[in-house]
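Asker: Sequence:
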Amino acid sequence: TCAVRILELDSEKTICAYFSGSAEVNSIRDKLRAELPDYMLPSHIIKLSSIPLTPSGKVDYQSLPLPSKSRPSLMTEFVAPVTETE
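When you line the sequence shown up against the working numbering, it's residues 1 to 86, in that order.
Fair warning: there could be bad hints in the mix.
Stated by the list, open to error - Pairs of lysine-lysine, DSS-like flavour, derived with a Cα cap of 27 Å:
#1 K13 x K58
#2 K31 x K47
#3 K31 x K58
#4 K47 x K13
#5 K31 x K13
Claimed, not checked - Cβ-Cβ distance ranges computed for the label pairs, FRET-style:
#6 A34 x Y61: 24 to 30 Å
#7 E24 x E84: 37 to 43 Å
#8 P55 x V82: 53 to 59 Å
#9 T85 x S27: 31 to 37 Å
Keep in mind the hints are simulated off the structure, nothing from the lab.
No residue lacks a Cβ here, since even glycine has one placed at the ideal position from N, Cα and C.
Full structure from sequences and hints, please.
Answerer: Dropping the structure here:
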């Protein structure tokens with residue numbers, strides 16, 4: 001099970017992905033890197049024991065935890081362009 005939420009942290013919008021299950025964060029991160037362009041990659045990936053649901057069975061986005069600043073980021077470090085085309 002998974003959910004994705006766009007958060008405004010430090011006046012900057014960021015994508016946060018939540019998942020539950022037996023997968024590990026690194027395998028999710030690798031899969032997303034292979035499937036999505038860089039601008040669509042979540043800045044935070046958080047593993048939960050279960051995704052919180054409302055009484056009607058929908059994802060309860062208000063109950064999803066906010067990412068802490070100590071969590072590792074999915075984004076890679078900035079690499080300056082080498083050629084004029086880059």
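Asker: Mind listing which of the numbered hints don't hold for this structure, in increasing order?
Answerer: none
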